[in-house]
Amino acid sequence: MKVFKAVEMNRCIGCLSCMITCSAVNQQDHSILKSAIRIKTSGGLTGKFVAIVCQACKDDVPCAEICPTGALIKRPAGGVLLDKDKCIGCELCVSACTVEAIHFDQETQKPIVCKHCGVCVRFCPHGCLQLVEEVQ
Amino acid sequence: MLYEKTIRVLYIDLAASKIEVKQRTDLSEYLGGVGIATKLLEETVKPELPPLAPEQPIILAIGAISGIFPLVTKTVAMFLSPLTGEMGESYAGGRLALALSMAGYDAVVISGKASRPSYIAIEGDTVQIKDARPIWGMDSDVVGQFLRDSEEGRGRRSILRIGPAGEKMVKFASVCVDTYRHFGRLGLGATMGSKLVKAIIVSGDNTTKIQNFKDYFRSYQEIFKSVTETDLMSKYHDLGTAINVESVSALGALPTRNLTENHFDEAEEISGEAFAEKSLVRKMACTGCPVGCIHIGQFRRKFDDGYDYESVSVAYDYELIYSLGSLLGIPKTDEVLQLIEVVEKTGMDAISAGVALAWATESLMQDIVTEEDTIVPLTFGNSENYSKAIRYLASRRNSFYEALGEGTRSAGAKFGGKDHALQVAGNEIPGYHTGYANLVGLTVGARHSHLCNAGYSVDQSLKDFDEQKAVNKLFDEELERCLLNSLVICLFARKLYNRETVLKALRAAGYPLTDDDLTLIAKRIYSTKLHLKEKLGFDPRQVQLPKRFFKTPSMQGVLDSTMVERMISQYVEKCEALLAEKI
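Chains A and B, in that order, are what the protein sequence lines are.
Under numbering that gives the first Met the number 0, the residues of the first sequence are numbered 0 to 135, in order.
Under numbering that gives the first Met the number 0, the residues of the second sequence are numbered 0 to 582, in order.
Derived by calculation from the structure, the hints in this document are not laboratory data.
Take these hints with a grain of salt, some might be off.
Unchecked claim - Here are the simulated DSSO-like pairs of lysine-lysine, each with C-alpha atoms no more than 27 Å apart in a straight line:
#, chain 1, residue 1, chain 2, residue 2
1, A, 109, B, 208
2, B, 213, A, 83
3, B, 234, A, 47
4, B, 208, A, 39
5, B, 4, B, 581
6, B, 417, B, 550
7, A, 1, B, 213
8, A, 114, B, 224
9, A, 109, A, 39
10, A, 73, A, 85
11, B, 208, A, 47
12, A, 114, A, 1
13, B, 213, A, 109
14, B, 534, B, 573
15, A, 83, B, 208
16, B, 208, A, 85
17, B, 277, A, 47
18, A, 114, A, 4
19, B, 21, B, 534
20, A, 1, B, 413
21, A, 39, B, 224
22, B, 45, B, 17
23, A, 109, A, 1
24, A, 114, B, 213
25, A, 114, B, 573
26, A, 4, B, 277
27, A, 39, B, 129
28, B, 522, B, 494
What the hints assert, rightly or not - Pulled a few chain B residues facing chain A out of the computed Cβ check, cut under 10 Å:
#, residue
29, 205
30, 207
31, 209
32, 215
33, 220
34, 223
35, 284
36, 293
37, 301
38, 302
Each residue gets a CB set at the ideal place from its N, CA and C atoms; glycine is no exception.
The task is simple: from the sequences and hints, build the whole structure.
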């Protein structure tokens, strides 16, 4: 099983194709605000781009641990899957994620969680994002 | 807006501090972008007043599918050009199109003059006119740094700003968009400066449900694949537009030393390859474009003994290497980059600034102006003095630079050096001296830019030159670009966005248009532009072209002015036929 990692962000051109396709495929929305991956600049455009994205925590998974209803289910390769029916929209997972990779969707009142589907990887023109085998 | 026929226009009246949003369904027959911007300009411009009168508007507009397909990344700005005195039209990439879309506006109309230096913060429905007194006077890059920290919307906002040249209303001042892109041509920076607007920040958090995911994503993927997996766009990504420096010079079409020559002997030293090998440190993209054509060159500069260096990164492109390179006789990549840096900081159009300085240099050589005028001795190849001169020009240091800041045409007329003032209808020329189609194209083109109708390309594509064929090609290209610019695609993708692709993309976004509809829209837009230009007093047959164009041989040899006049008349006839059509 694979997880997706932002491995070569030095090469990022800031096209945001990853965000556009993540929002489209996973949330059927045109807005980049619906994307599970966020590309931001650090120190303005003259700085480097950073990807704020699920790190695929494996054994200790803070967001899953804190979820009071068991709506975040650990993926075997790392990261979590969201069971929307169980989610009560308490936002605890958002604050539990140290890298701030979980975004809360105010419209649906559910968190936007990366499921490591790899669509962003397919549309990254510079190989910054890659699907890698889980690290043993 | 996406999936809607309504055009949402934000009106900002700086004088009255009044903000208004109108739903303009009537504008939908212009599709978007340059179509709606032309119409809005026609409605709001005051032809009887000077271009920098407070009443004159600034229009920004995006298109029907902005931000949701690859390379549909541009925003059009329209205004009354302070440089030419007629229709101003300029395009910028960066993140502005996406930001406007997320803020919920198809167009913004800014009129009036603020009571004190201000900046406009558009955050969705919240529009504020804020105090810019502390940032007035700042270089363009520093303003950006300041506003990035003080304003919200990191990662999805766009920041437009002017430098000192805009404040001083240099008639070819530019507006910097998101550090590396610009509304460069025709002086939008001066118009912003005249309104006391230092910057505009746009952000929003609109979301839009995709209505037909299958159709949309299929089209998206097809376009994305043709961009990234075919060689349609590779030249723009690899060496970038700078790839043309050597080839255009070899053709004898690269204006050099104020077009006293048509090729640069040292073109190899400032070629796309030279920049890539010596300076290129990264590539960047406008939001939504996987090409990444923005080439960032870096150089280091010693500022003190004791091994004290600073590093500077700027974006370079073909036109800048022409205007601040070959045209000024500069054969070193680092020196070209240094000049780009000063032009960036002061906020001027790089083409116009280079042409103005090239004119000043030759005028000094011909004793038309004195060294007292230019403050430093300007000579071709001396980048250090050009660097100083750019600062003098931006700040309009003395009466000479005050005059030069009015534009090269104006300076040429004032000092008596109009024969070597490289401008067409007041706009300083881009880097091509290919021949008849280029020259006629610049004259008749709606904004006197090589991007109106690509005359330089027509010259290169016609094996045996045929004037009627060339005129037809220019006309057809201008017409088709009205359509592409109503979507506001990046024109680098013009071959990709053929009619079939445009129709598919529009259909997937809820606009079931036909090929005939698109033709009609293009004609409607072009007619509106022609009417507007006429109203502003423009007649291409009255344009006086400088003699230099007919002296220095072009790629096609020495050009004959009567042929140019004939072609312009033929073009005007085609325009008249279009205007006679019932649209």
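Each hint, compared with the structure:
Our distance criterion of 27 Å between C-alpha atoms is met by residue 109 of chain A and residue 208 of chain B, whose separation comes to about 16 Å. The straight-line distance between the Cα atoms of residue 213 of chain B and residue 83 of chain A is roughly 23 Å, inside the 27 Å bound, and the hint therefore holds. For the hint linking residue 234 of chain B to residue 47 of chain A, the alpha-carbon distance of about 24 Å falls within 27 Å, and the restraint holds. At most 27 Å may separate the alpha-carbon atoms for a hinted pair to count; residue 208 of chain B and residue 39 of chain A meet this at roughly 23 Å.
A distance of roughly 23 Å separates the Cα atoms of residue 4 of chain B and residue 581 of chain B; the hinted pair therefore holds under the 27 Å criterion. Pair hint residue 417 of chain B plus residue 550 of chain B holds up; C-alpha atoms about 14 Å apart against a cutoff of 27 Å. A distance of roughly 26 Å separates the Cα atoms of residue 1 of chain A and residue 213 of chain B; the hinted pair therefore holds under the 27 Å criterion. A C-alpha spacing of about 24 Å is found between residue 114 of chain A and residue 224 of chain B, which places the hinted pair at or below 27 Å, so the restraint holds.
The straight-line distance between the Cα atoms of residue 109 of chain A and residue 39 of chain A is roughly 22 Å, inside the 27 Å bound, and the hint therefore holds. At roughly 14 Å between alpha-carbon atoms, residue 73 of chain A and residue 85 of chain A fall within 27 Å of each other, so this suggested pair holds. With a C-alpha separation of about 31 Å, the suggested pair residue 208 of chain B and residue 47 of chain A falls outside the 27 Å cut-off, and the hint is violated. At most 27 Å may separate the alpha-carbon atoms for a hinted pair to count; residue 114 of chain A and residue 1 of chain A meet this at roughly 11 Å.
Restraint check for residue 213 of chain B and residue 109 of chain A: the C-alpha separation of about 24 Å stays at or below 27 Å, so the hint holds. Simply put, residue 534 of chain B and residue 573 of chain B have alpha-carbon atoms about 18 Å apart, close enough for the 27 Å limit, and the pair holds. Taken as a hint, the residue 83 of chain A and residue 208 of chain B pair is honoured in the structure, with Cα atoms around 19 Å apart against an allowance of 27 Å. For the hint pairing residue 208 of chain B with residue 85 of chain A, the CA-to-CA distance comes to about 24 Å; that is within 27 Å, so the pair holds.
For the given pair, residue 277 of chain B sits about 21 Å from residue 47 of chain A by alpha-carbon distance, which is consistent with the 27 Å threshold. This hinted pair checks out: residue 114 of chain A and residue 4 of chain A have alpha carbons roughly 12 Å apart, not beyond 27 Å. Of the pairs offered as hints, the one joining residue 21 of chain B and residue 534 of chain B holds, with about 26 Å between alpha carbons and a cut-off of 27 Å not exceeded. For the suggested pair residue 1 of chain A and residue 413 of chain B, the alpha carbons sit about 70 Å apart, so the restraint of at most 27 Å is broken.
Of the pairs offered as hints, the one joining residue 39 of chain A and residue 224 of chain B holds, with about 25 Å between alpha carbons and a cut-off of 27 Å not exceeded. Between the alpha carbons of residue 45 of chain B and residue 17 of chain B the distance comes to roughly 19 Å, so the proposed pair stays at or under 27 Å and holds. Distance restraint check for residue 109 of chain A and residue 1 of chain A: the Cα-Cα separation of roughly 25 Å lies within the 27 Å cut-off, and the hinted pair is therefore satisfied. The straight-line distance between the Cα atoms of residue 114 of chain A and residue 213 of chain B is roughly 21 Å, inside the 27 Å bound, and the hint therefore holds.
For the suggested pair residue 114 of chain A and residue 573 of chain B, the alpha carbons sit about 58 Å apart, so the restraint of at most 27 Å is broken. Only pairs whose Cα atoms come within 27 Å are accepted, and residue 4 of chain A paired with residue 277 of chain B is rejected, the gap being roughly 32 Å. Pair hint residue 39 of chain A plus residue 129 of chain B holds up; C-alpha atoms about 25 Å apart against a cutoff of 27 Å. Taking the CA atoms of residue 522 of chain B and residue 494 of chain B, the gap is about 20 Å. The hint holds against a cut of 27 Å.
Annotation: residue 205 of chain B was flagged as interfacial toward chain A, and the flag holds, the nearest CB pair being 6 Å apart, inside 10 Å. For residue 207 of chain B, the suggested interface contact is upheld, since its CB lies about 4 Å from the closest CB of chain A, less than 10 Å. About 5 Å separates the beta-carbon of residue 209 of chain B from the nearest beta-carbon of chain A, less than 10 Å, and the hint is met. For residue 215 of chain B, the suggested interface contact is upheld, since its CB lies about 7 Å from the closest CB of chain A, less than 10 Å.
Hint status for residue 220 of chain B: holds, given a least beta-carbon distance of 9 Å to chain A, under 10 Å. Taking 10 Å as the C-beta cut-off, the interface hint given for residue 223 of chain B holds, the closest approach to chain A being about 6 Å. Interface restraint check: residue 284 of chain B against chain A, minimum CB-CB distance 4 Å, threshold 10 Å, status holds. For residue 293 of chain B, the interface hint holds, the least distance from its beta-carbon to any beta-carbon of chain A being 8 Å, beneath 10 Å.
A cut of 10 Å between beta carbons decides the hint on residue 301 of chain B: the least distance to chain A is about 20 Å, and the hint is violated. Given hint, residue 302 of chain B at the interface with chain A, is violated; its Cβ is 18 Å from that chain's nearest Cβ, farther than 10 Å.
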